[in-house]
Amino acid sequence: MSTQVHATLSEDQVEQISEDLDEPEWLLETRKEALAALSDLEMPDVIQTPGRKWTNLDALDYETLVDPLDYAQDKDRIDAEGVDVLSWSDALAEHGDLIEEHFGSVVDPQRDYLTALSTALFSAGTVVYVPEGVDAEDVKIRTTMNSQSLFNYTLVVAEESASVTILERQTTGDDVEGSRYYSGVVEAVAGENAYVQYGTLQNLSEESYNYQVKRGHADTYGTIDWIEGNIGSRLTKSNVETRLLGDSSESQIVGAFFGHDDQHFDIAARVWHEAEHTVADLVTRGVLDDEARSVYEGVQDVGKEAWDTSSYQRENTLMLSDESEADASPKLIINNHDTEASHSATVGQVDAEDMFYMTSRGVNPERAKNMLVEGFFVPVLEEVAVDELRDDLETLIYERLRE
Amino acid sequence: MSSDQDHLKETDTEARFEFKKEENSAFETEKGLTEETVRVISEDKDEPEWMLQRRLRALEQFQQMPMPEGWPGAPDLSEVDIEDIVPYIRPDIETRGGAESWEDLPEEIQDTFDKLGIPEAEKNALSGVGAQYESEIVYQNMQERWEEKGVIFCDMDKAVQEHEDLVKEHFMTKCVPPSDNKFAALHGAVWSGGSFVYIPEDTTVEMPVQAYFRMNSEGMGQFEHTLIIAEENSEVHYIEGCSAPKYSAFNLHSGGVEVFVGENAHVQYSTVQNWSKNTYNLNTKRAICEAEGTMEWVSGSMGSKATMLYPSTVLKGPGATDNHITIAMAGEGQDIDTGAKVYHNAPDTKSTIESKSIAKDGGRTNYRGLVHIADGAENSSTSVECDALMFDNDSTSDTMPYMEIQESKVDVAHEATVGKIGDEDVFYLQSRGLDDDDAKQMIVAGFIEPITEELPIEYAVELNRLIELEMEGSLG
Numbered sequence: 049m050s051t052q053v054h055a056t057l058s059e060d061q062v063e064q065i066s067e068d069l070d071e072p073e074w075l076l077e078t079r080k081e082a083l084a085a086l087s088d089l090e091m092p093d094v095i096q097t098p099g100r101k102w103t104n105l106d107a108l109d110y111e112t113l114v115d116p117l118d119y120a121q122d123k124d125r126i127d128a129e130g131v132d133v134l135s136w137s138d139a140l141a142e143h144g145d146l147i148e149e150h151f152g153s154v155v156d157p158q159r160d161y162l163t164a165l166s167t168a169l170f171s172a173g174t175v176v177y178v179p180e181g182v183d184a185e186d187v188k189i190r191t192t193m194n195s196q197s198l199f200n201y202t203l204v205v206a207e208e209s210a211s212v213t214i215l216e217r218q219t220t221g222d223d224v225e226g227s228r229y230y231s232g233v234v235e236a237v238a239g240e241n242a243y244v245q246y247g248t249l250q251n252l253s254e255e256s257y258n259y260q261v262k263r264g265h266a267d268t269y270g271t272i273d274w275i276e277g278n279i280g281s282r283l284t285k286s287n288v289e290t291r292l293l294g295d296s297s298e299s300q301i302v303g304a305f306f307g308h309d310d311q312h313f314d315i316a317a318r319v320w321h322e323a324e325h326t327v328a329d330l331v332t333r334g335v336l337d338d339e340a341r342s343v344y345e346g347v348q349d350v351g352k353e354a355w356d357t358s359s360y361q362r363e364n365t366l367m368l369s370d371e372s373e374a375d376a377s378p379k380l381i382i383n384n385h386d387t388e389a390s391h392s393a394t395v396g397q398v399d400a401e402d403m404f405y406m407t408s409r410g411v412n413p414e415r416a417k418n419m420l421v422e423g424f425f426v427p428v429l430e431e432v433a434v435d436e437l438r439d440d441l442e443t444l445i446y447e448r449l450r451e
Numbered sequence: 022m023s024s025d026q027d028h029l030k031e032t033d034t035e036a037r038f039e040f041k042k043e044e045n046s047a048f049e050t051e052k053g054l055t056e057e058t059v060r061v062i063s064e065d066k067d068e069p070e071w072m073l074q075r076r077l078r079a080l081e082q083f084q085q086m087p088m089p090e091g092w093p094g095a096p097d098l099s100e101v102d103i104e105d106i107v108p109y110i111r112p113d114i115e116t117r118g119g120a121e122s123w124e125d126l127p128e129e130i131q132d133t134f135d136k137l138g139i140p141e142a143e144k145n146a147l148s149g150v151g152a153q154y155e156s157e158i159v160y161q162n163m164q165e166r167w168e169e170k171g172v173i174f175c176d177m178d179k180a181v182q183e184h185e186d187l188v189k190e191h192f193m194t195k196c197v198p199p200s201d202n203k204f205a206a207l208h209g210a211v212w213s214g215g216s217f218v219y220i221p222e223d224t225t226v227e228m229p230v231q232a233y234f235r236m237n238s239e240g241m242g243q244f245e246h247t248l249i250i251a252e253e254n255s256e257v258h259y260i261e262g263c264s265a266p267k268y269s270a271f272n273l274h275s276g277g278v279e280v281f282v283g284e285n286a287h288v289q290y291s292t293v294q295n296w297s298k299n300t301y302n303l304n305t306k307r308a309i310c311e312a313e314g315t316m317e318w319v320s321g322s323m324g325s326k327a328t329m330l331y332p333s334t335v336l337k338g339p340g341a342t343d344n345h346i347t348i349a350m351a352g353e354g355q356d357i358d359t360g361a362k363v364y365h366n367a368p369d370t371k372s373t374i375e376s377k378s379i380a381k382d383g384g385r386t387n388y389r390g391l392v393h394i395a396d397g398a399e400n401s402s403t404s405v406e407c408d409a410l411m412f413d414n415d416s417t418s419d420t421m422p423y424m425e426i427q428e429s430k431v432d433v434a435h436e437a438t439v440g441k442i443g444d445e446d447v448f449y450l451q452s453r454g455l456d457d458d459d460a461k462q463m464i465v466a467g468f469i470e471p472i473t474e475e476l477p478i479e480y481a482v483e484l485n486r487l488i489e490l491e492m493e494g495s496l497g
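From first to last, the protein sequence lines are chains W and U.
Residue numbers for the first sequence follow the working numbering, so the first one is 49 and each next one is one higher.
Residue numbers for the second sequence follow the working numbering, so the first one is 22 and each next one is one higher.
FYI, nobody ran anything at the bench for these hints, they're computed from the structure.
Since the model is a prediction, treat every value here as computed from it, not as a measurement.
Positions of the beta carbon are idealized from the N, C-alpha and C atoms, including for glycine.
It is possible that some hints are incorrect.
[To be verified] Short, incomplete list of chain W residues facing chain U, as computed with Cβ under 8 Å:
id	residue
1	Ser66
2	Asp68
3	Asp122
4	Lys123
5	Ser369
6	Ser372
7	Ala374
8	Asn383
9	His391
10	Ser392
[To be verified] Straight-line distance between alpha carbons at most 16 Å, and here's what the computed EDC-like set of lysine to aspartate or glutamate pairs gives:
id	chain 1	residue 1	chain 2	residue 2
11	U	Lys441	W	Asp402
12	W	Lys352	U	Glu68
13	U	Lys430	W	Glu371
14	U	Lys430	W	Glu388
15	U	Lys430	W	Glu401
16	U	Lys298	U	Glu100
17	U	Lys441	W	Glu81
18	U	Lys371	U	Asp413
19	U	Lys441	W	Glu339
20	U	Lys430	W	Asp356
21	W	Lys352	U	Asp382
22	U	Lys430	W	Glu339
23	U	Lys430	W	Asp370
24	U	Lys371	U	Asp415
25	W	Lys352	U	Asp415
26	U	Lys179	U	Glu100
27	U	Lys441	W	Glu353
28	U	Lys430	W	Asp402
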């Protein structure tokens with residue numbers, strides 16, 4: 049199966065975007081190559097079981113969703129001392145070589161159809177550069193999407209012994225007729241002993257189709273932690289991945305989602321252990337109401353050279369409605385026996401005994417249920433080290449419960 | 022015990038399990054599986070027209086369906102040459118019903134029976150003509166007792182002739198249709214041999230029904246079909262195979278098992294697969310379970326080059342229960358891809374899946390399982406537990422569960438762990454005077470204990486022995 053390339057998508061448009069951003073030649077070439085590759089690329093992988101495809105991306109009509117030259121958005125960037133948080137044009141002017149070195153080194157620009165489309169057409173985004181030894185907290189990026197389609201590209205480079213915490217919020221602004229398409233790529237490079245924490249809170253309008261790839265490379269003693277909060281959008285296909293390339297590198301992927309109406313979240317967390325003494329911890333909790341549906345894939349891949357690996361994964365889904373559906377597939381791929389690995393997944397509803405206890409204490413059932421759902425998220429929220437992200441997430445959960 | 026152990030170590034396990042294919046040029050068929058071949062099979066068996074039609078329809082589906090490739094981590098089936106299957110089918114037909122077939126087995130197999138310590142009577146029953154007589158008596162005795170109760174236990178080809186209505190209704194219709202997968206379709210086209218078991222209402226067969234005894238006199242098929250029908254309130258335990266290595270002249274085994282569990286009936290299906298290590302073992306096994314019925318699968322996968330086996334249960338009636346116990350052990354050059362499938366299609370259904378796998382010497386084990394809870398299957402619960410043990414760094418151990426939950430009033434839990442054989446455990450046992458090999462064997466025996474517990478004692482003993490045999494080669 050190969051997907052139809054946008055009939056109105058042309059090299060001219062790509063050149064136009066590239067020119068607008070005042071890009072160097074190599075980046076334009078990368079874009080053009082991605083564009084040319086579109087016709088041969090497949091849609092991102094989705095889980096298939098006999099007779100079922102967990103997410104049907106082929107049904108998406110990109111023809112009508114994508115308008116490459118309209119990329120209206122609002123962007124707030126709050127930087128921290130010693131860190132460069134820049135738009136692409138500024139970043140290319142200041143750190144051209146650095147960007148050329150790392151761009152596309154973590155996320156293959158031609159990984160699949162949607163990623164290539166994103167590479168060819170990205171017009172918004174941020175470059176975060178943390179020089180050696182700099183310790184920065186609270187870098188904030190807020191993206192408000194004001195167009196029908198938006199292709200956002202974020203590159204994070206943390207040099208040796210640098211540390212940074214980045215919080216990204218994604219929302220939609222002006223009303224746009226019909227459906228929207230948001231595509232986000234995040235590449236994170238953590239150098240030796242560097243620490244990158246990247247939190248995303250996705251709260252796009254519920255007419256939005258959302259595709260995200262977040263992927264990081266962790267060098268020796270490096271750490272990459274991801275926090276992935278999904279509240280908005282109509283359909284989300286998100287991939288959060290870390291390659292543990294250096295000895296003693298670590299990664300934690302924390303996920304939370306709350307779906308209602310006919311929202312569909314397809315969320316994947318993947319870790320590759322490719323060096324010695326690496327540690328990974330994948331924790332995701334989600335709640336589904338109404339006709340919402342969640343698809344979760346977790347992969348812990350332990351390579352042949354990954355001696356002394358520790359790898360853990362937990363996924364819990366709470367179903368509030370009979371019309372909802374929760375699919376899960378936590379996978380273990382172990383090629384080194386010097387490994388301690390486990391995963392678990394559960395699906396259930398609000399515990400009847402807990403409800404009984406609460407109501408017997410005089411709490412009305414609705415309130416009791418809300419309290420229990422909020423409580424369900426606590427183990428994940430506790431893992432969120434960014435206070436602001438945790439508060440926001442809590443607020444959004446609180447609001448959704450009381451809609 | 023100790024002298025026994027020494028005796029076991031004297032022979033090379035690997036060599037004992039590898040058999041040369043016997044040249045058999047007596048039969049030559051045209052390349053490829055054609056309608057003609059299928060017609061010949063059917064004619065040889067003197068089958069009714071409807072069975073021929075089913076075979077032909079299955080053949081058509083087989084030709085149209087794709088190979089089960091492209092799954093994440095699917096075993097390599099490129100060596101399975103469909104074109105080559107045909108020449109193998111005809112000799113299979115010729116040997117079917119040949120009581121002498123066991124005599125033709127290589128000596129090594131009979132030798133292995135000794136090594137396994139299979140009970141004397143059973144060993145005799147398997148390896149010689151005189152013993153064949155004995156096994157016939159046992160079989161006859163059992164048969165008489167069952168017949169009084171209306172129990173039917175016969176070979177599948179005979180069932181097509183003598184119990185046509187029952188077979189016509191249940192054979193590859195609502196349980197495993199040929200369209201299920203490519204090898205089920207192949208099976209539907211060329212199946213031969215197997216068992217037919219019918220347990221009438223309110224009947225309990227106390228003694229396990231063992232296909233072992235019967236199959237040896239009938240000749241083992243490569244495409245044997247087992248059909249078990251357990252009516253309301255009946256109970257039966259069916260044991261197939263056991264732990265002796267099954268000699269295979271062909272490199273493809275594609276069996277089909279269909280089980281119908283009536284209301285409040287209880288069926289246990291136990292099998293320990295130990296095909297020679299040139300065999301591709303691609304089976305389709307499925308049970309349909311009515312209200313309050315219980316289906317239990319106990320499977321051990323030890324042999325074969327590659328196995329793809331996912332016994333499945335459809336919990337059709339309210340209150341139905343499914344239990345899966347699987348154990349897989351993969352050594353050098355083996356890819357054991359096995360698991361379980363359960364469909365919860367009714368309220369108050371329960372399932373448990375317990376999987377243990379051991380990978381060593383570069384072997385690969387994979388648990389691949391699917392639990393589907395349909396909308397409306399209220400108060401269903403499922404628990405899946407997978408544990409894997411790895412011996413060395415050349416081996417691979419994968420776990421790929423899939424859960425599809427469309428109902429909220431459920432309790433779903435999945436857990437998996439992977440670990441190496443614990444150095445501390447080995448050290449502890451060694452400090453108590455055991456040598457390294459014995460310590461590791463003991464740890465493995467403890468690891469699979471929950472599974473062997475479920476087997477009748479003589480099979481549990483055999484399984485343990487088999488694992489010891491498999492392990493000794495690598496642990497010296």
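A quick look at each hint next to the structure:
The criterion of a C-beta within 8 Å of any C-beta in chain U is not met by W/Ser66, whose closest approach is roughly 37 Å, and the hint is violated. Residue-level restraint check for W/Asp68 is violated (minimum Cβ-Cβ distance to chain U is 41 Å; threshold 8 Å). Hint status for W/Asp122 relative to chain U: violated, with the closest Cβ pair at about 39 Å, above 8 Å. A distance limit of 8 Å between C-beta atoms decides the matter here; for W/Lys123 the minimum to chain U is near 38 Å, and the interface restraint is violated.
With a least beta-carbon distance of about 6 Å to chain U, the hint placing W/Ser369 at the interface is held under the 8 Å criterion. Interface hint at W/Ser372: satisfied, since its Cβ lies 6 Å from the closest Cβ of chain U, which is below the 8 Å cut-off. Here the hint on W/Ala374 is kept, as its CB sits about 5 Å from the closest CB of chain U, short of 8 Å. The beta carbon of W/Asn383 is positioned within 8 Å of a beta carbon in chain U (closest approach about 5 Å), and the interface hint is therefore held.
Hint on W/His391 holds. Least Cβ distance to chain U is approximately 5 Å, under the 8 Å limit. A least Cβ separation of about 4 Å between W/Ser392 and chain U falls short of the 8 Å threshold, and the interface hint therefore holds. For the hint linking U/Lys441 to W/Asp402, the alpha-carbon distance of about 39 Å lies beyond 16 Å, and the restraint is violated. At roughly 54 Å between alpha-carbon atoms, W/Lys352 and U/Glu68 are farther apart than 16 Å, so this suggested pair is violated.
For the hint pairing U/Lys430 with W/Glu371, the CA-to-CA distance comes to about 11 Å; that is within 16 Å, so the pair holds. For the hint linking U/Lys430 to W/Glu388, the alpha-carbon distance of about 33 Å lies beyond 16 Å, and the restraint is violated. Taken as a hint, the U/Lys430 and W/Glu401 pair is honoured in the structure, with Cα atoms around 14 Å apart against an allowance of 16 Å. A threshold of 16 Å between alpha carbons decides the hint, and for U/Lys298 with U/Glu100 the separation of about 13 Å falls inside it, so the pair holds.
Of the supplied pair hints, the one linking U/Lys441 and W/Glu81 is violated, its CA atoms being roughly 45 Å apart against a limit of 16 Å. Simply put, U/Lys371 and U/Asp413 have alpha-carbon atoms about 36 Å apart, too far for the 16 Å limit, and the pair is violated. A C-alpha spacing of about 42 Å is found between U/Lys441 and W/Glu339, which places the hinted pair above 16 Å, so the restraint is violated. For the hint linking U/Lys430 to W/Asp356, the alpha-carbon distance of about 40 Å lies beyond 16 Å, and the restraint is violated.
Distance check on the hinted pair: W/Lys352 and U/Asp382 sit about 14 Å apart at the alpha-carbon level, within 16 Å; holds. For the hint pairing U/Lys430 with W/Glu339, the CA-to-CA distance comes to about 15 Å; that is within 16 Å, so the pair holds. Of the supplied pair hints, the one linking U/Lys430 and W/Asp370 holds, its CA atoms being roughly 7 Å apart against a limit of 16 Å. Distance restraint check for U/Lys371 and U/Asp415: the Cα-Cα separation of roughly 37 Å exceeds the 16 Å cut-off, and the hinted pair is therefore not satisfied.
Restraint check: the Cα-Cα separation between W/Lys352 and U/Asp415 comes to about 8 Å, which is no more than 16 Å; the hinted pair holds. Between U/Lys179 and U/Glu100, the direct Cα distance comes to roughly 34 Å. Violation of the 16 Å bound is thereby established for this hinted pair. Between U/Lys441 and W/Glu353 the alpha-carbon distance is near 15 Å, which keeps this suggested pair within the 16 Å criterion. Taking the CA atoms of U/Lys430 and W/Asp402, the gap is about 15 Å. The hint holds against a cut of 16 Å.
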